[in-house]
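A.B. asks: Chain by chain, the residues run as shown.
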Amino acid sequence: MQTRRIFKDRLAKETMLVLTIVSILFVIVMGIGLYMKSAPILGEKSLWDLLSSSQWRPMKGEFGFLPFIVGTLWVTFIAIILAFPVSLLTAIFLTEYAKPIVKKCVFPALDILAALPSVIYGIWGTLVIVPVISEKLAPHFVEYSSGYTVLAAGMVLGVMILPLLVSLFIEVFSIVPLELREASWALGATRWQTTRKVVLRKTFAGIIASTVLAISRAFGETIAVLMVCGCMITIPNNIFESCYPIPALIANNYGEMLSMPLYESALMFAALILFVVVLVFNILSRIVLYRMEKKLN
Amino acid sequence: MAKNKSKQYEEVIFKILMVISMVIVFGVVFSVIWTIVSKGYKAISWEMVSQLPGGGFYIGKEGGFLNAIVGSLYIVGASTVLGLIISIPVVFFLNVYLKKDSKLAYIARLAFDVLFGVPSIVYGAFGFTIMVFLGLRASLLGGIIVITLLIIPIFIRTMDEATREFPRDILDATYALGATKWETLKVVIRQIAPGIATATLLSIGRAIGDAAAVMFTAGYSDRIPTALSQQTATLPLSVFFQLSSPIPEVRNRAYAAALVLTIIVLILSILGRFFTNRFSKNKL
Numbered sequence: 001m002q003t004r005r006i007f008k009d010r011l012a013k014e015t016m017l018v019l020t021i022v023s024i025l026f027v028i029v030m031g032i033g034l035y036m037k038s039a040p041i042l043g044e045k046s047l048w049d050l051l052s053s054s055q056w057r058p059m060k061g062e063f064g065f066l067p068f069i070v071g072t073l074w075v076t077f078i079a080i081i082l083a084f085p086v087s088l089l090t091a092i093f094l095t096e097y098a099k100p101i102v103k104k105c106v107f108p109a110l111d112i113l114a115a116l117p118s119v120i121y122g123i124w125g126t127l128v129i130v131p132v133i134s135e136k137l138a139p140h141f142v143e144y145s146s147g148y149t150v151l152a153a154g155m156v157l158g159v160m161i162l163p164l165l166v167s168l169f170i171e172v173f174s175i176v177p178l179e180l181r182e183a184s185w186a187l188g189a190t191r192w193q194t195t196r197k198v199v200l201r202k203t204f205a206g207i208i209a210s211t212v213l214a215i216s217r218a219f220g221e222t223i224a225v226l227m228v229c230g231c232m233i234t235i236p237n238n239i240f241e242s243c244y245p246i247p248a249l250i251a252n253n254y255g256e257m258l259s260m261p262l263y264e265s266a267l268m269f270a271a272l273i274l275f276v277v278v279l280v281f282n283i284l285s286r287i288v289l290y291r292m293e294k295k296l297n
Numbered sequence: 001m002a003k004n005k006s007k008q009y010e011e012v013i014f015k016i017l018m019v020i021s022m023v024i025v026f027g028v029v030f031s032v033i034w035t036i037v038s039k040g041y042k043a044i045s046w047e048m049v050s051q052l053p054g055g056g057f058y059i060g061k062e063g064g065f066l067n068a069i070v071g072s073l074y075i076v077g078a079s080t081v082l083g084l085i086i087s088i089p090v091v092f093f094l095n096v097y098l099k100k101d102s103k104l105a106y107i108a109r110l111a112f113d114v115l116f117g118v119p120s121i122v123y124g125a126f127g128f129t130i131m132v133f134l135g136l137r138a139s140l141l142g143g144i145i146v147i148t149l150l151i152i153p154i155f156i157r158t159m160d161e162a163t164r165e166f167p168r169d170i171l172d173a174t175y176a177l178g179a180t181k182w183e184t185l186k187v188v189i190r191q192i193a194p195g196i197a198t199a200t201l202l203s204i205g206r207a208i209g210d211a212a213a214v215m216f217t218a219g220y221s222d223r224i225p226t227a228l229s230q231q232t233a234t235l236p237l238s239v240f241f242q243l244s245s246p247i248p249e250v251r252n253r254a255y256a257a258a259l260v261l262t263i264i265v266l267i268l269s270i271l272g273r274f275f276t277n278r279f280s281k282n283k284l
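Sequence order for the protein chains is A and B.
No gaps in the numbering here: position 287 of the first sequence is 287 in the numbering used here, and each next residue is one more.
No gaps in the numbering here: position 68 of the second sequence is 68 in the numbering used here, and each next residue is one more.
Note that these hints are calculated values from the structure, not bench results.
Just to be clear, a hint being listed does not mean it is correct.
[Said to hold, decoys possible] Using C-beta positions, here's what the derived DEER-type ranges look like:
| id | chain 1 | residue 1 | chain 2 | residue 2 | range |
| --- | --- | --- | --- | --- | --- |
| 1 | A | 276 | B | 190 | 40 to 48 Å |
| 2 | A | 259 | B | 246 | 26 to 34 Å |
| 3 | A | 6 | B | 189 | 17 to 25 Å |
Note that the structure is a prediction, hence the values are computed from the model and not measured.
Here a beta-carbon is modelled for each residue, glycine too, at the ideal position from N, C-alpha and C.
Generate the whole structure from the sequences, applying the supplied hints.
C.D. replies: The structure is reproduced here in C-alpha cells:
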C-alpha cells in the first residue's frame, strides 16, 4: 500500500516534469520549424537582400520585404503613440486616484476591450475610422485618401493594445509599496507629485518593458489591421497612404502560394521575422519585469 | 506660495488629462459595441443562426451561418478540454513539486510568457508546417491542435497566478497528515477552482475570436463537419469572408455573425469578471 502510493507520486512527478519540459521546448521547436521552412529562400538570397529590397514579385522570384517591414513599423509606431499616453493616464488614475466604485465601472469596460475579437475591431475600423479619415481628416492634409491607411490601421491597433497596456501598467504600479507613497504624502506632496516622483520613477524600467511587450503584440496583430490597412505593396510616404504589414502579407497570400515552394518559403520567412522580434522583445521585457517585482517586494 | 500654487495647478491639469483618458476609453468601448449592435441588429434573423448556407449563399440567396457557429463550438470545446488536461498538471508541478526559487520554474514561466506573446498568425503558420509534416490537410483536427497550442499559455499563466497566492500552510497541513504531493492535488484543485474557471473563460474568449490561426489550419466549409478530417467554418472567418463580398445581403450577414460573436464574448467576459470578483479578495 505504502509503496504503491509513493510509486504513484513518483509517476505523477515524472509525467508532469515531461509535460512541463515539452511545453518549454515548444518555444524552441517553433523557432526551428519556422527556420527550416524558410531555409530555401535564405539559401537563395542573402538576408540583407530580403530585408532591404523593395521589389516584391513572387512570380519572377523577387522577394523584397522592405515595404512590409516599413508598413509594420509605421502602424506599430502610430498605435503606440496613440495608446501610450491614454493607457498610462488611465492606469495612474485607477491605481492612484480612483475610488473602488469607479474601478468597478472601468474594469469591465477594459475587460470588454480586451475580449473583443480582432475581426470585430476590423469591422469597427472599416465602418467608423476609415470614413472619418477619408472624409474628415485626410482632406485637410492630402488631396485624396481612400481611408484605408496607415493611420486607420494605427488607430485600430492602438485601441486593441490599450487594455493590454493598462493592465501591464497597473500590475507594475501595484508593485510599489504603499509605504513609499505614504512617505511622500507625509512630506506634503500632492498625489500627482507622488505619482511622478515616486511611483513613475520607481517603475520606469517596468513602464518601458510593458511598452515593449505591447509593441510586440502590435507587431503580430493580423485580421483587424488587414481589414483597414489597404494592402498596397508600397512604402508609404505619409500616414494617409495605404500600407501592407507583415501579418497581413502572410494571411492574404497563404492559399495561393502552395504551388510555388519559394513563395511558401518567403511567407514562412515573414512568420520567422515576426517570431524572432516577438521572442527577443518578450524575453527582455519579461526579465526586466521579474527583476523589478523581486526588487520592490 | 507661488510654488505651492504651481503644484496645485499641475495636480488639476493632470486630473483633467486623466478624466479625458477615461472618456476616451469609455467612448471607444461604446463606439465599438454600438457599431456592431446597430449594424447586426438590423441584419440578424432567426433563419441566419439556425440554417446552413443554402444554394447561392454567397451571392445573397437564403441560408444562415450555422456551420460557422457549430464549427467554432467544436473547435473551442475540444481545445478547451485538451488545454485543461495539459495545463493543470503543469501548473501543479510548477507550484507544488518545484521549490519557490527553482530555476526550472523560472524558465518555464518565462517560456509561457513568451508563448503568450507569440502572435496567432505565427501559430497558424507553424501549425500549418506541423500539419504538412504529419501529412494532415486543413481540417477540424488541425484547427483544434492549433487553438489548443494557442490557449495553453493563457491557461497556464492565469492558473499559475491564482495558485501562487495559494497559502503554503495548507500544503504543509496535508503533508503533516502523511499525504504525498500527488495526493494534495485534490486539495489544491478545490482551492484554485475559481482560478481555473477564470482561466477557462479567458481561454474560450480568445479561442472563439481568433481568426488568424484557424485560417490555414481549419479551412472553410459550408457544411457542419462530421469527422475530424473534414474542413470546418469558424465564426470569425465567416465574418471576415462575407465582409469582403461586394453584395450588400452577404455583408449584412457578416454583421449578423459579428453580433453573435460579440454577444458570446461579452457573456464570457462578464462571467469572468464575476468569478474574479467573487472569489479573490486581493485582485483588482
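A.B. asks: Indicate, hint by hint, whether the structure satisfies it.
C.D. replies: Evaluation of the provided hints:
1. At about 42 Å, the beta-carbon gap between residue 276 of chain A and residue 190 of chain B stays in the expected band of 40 to 48 Å.
2. The supplied range of 26 to 34 Å is met by residue 259 of chain A and residue 246 of chain B, whose beta-carbon atoms lie about 27 Å from each other.
3. Taking the beta carbon of each, residue 6 of chain A and residue 189 of chain B are about 21 Å apart, inside 17 to 25 Å as hinted.
Checked against the numbered hints given earlier, the structure satisfies every one of them.
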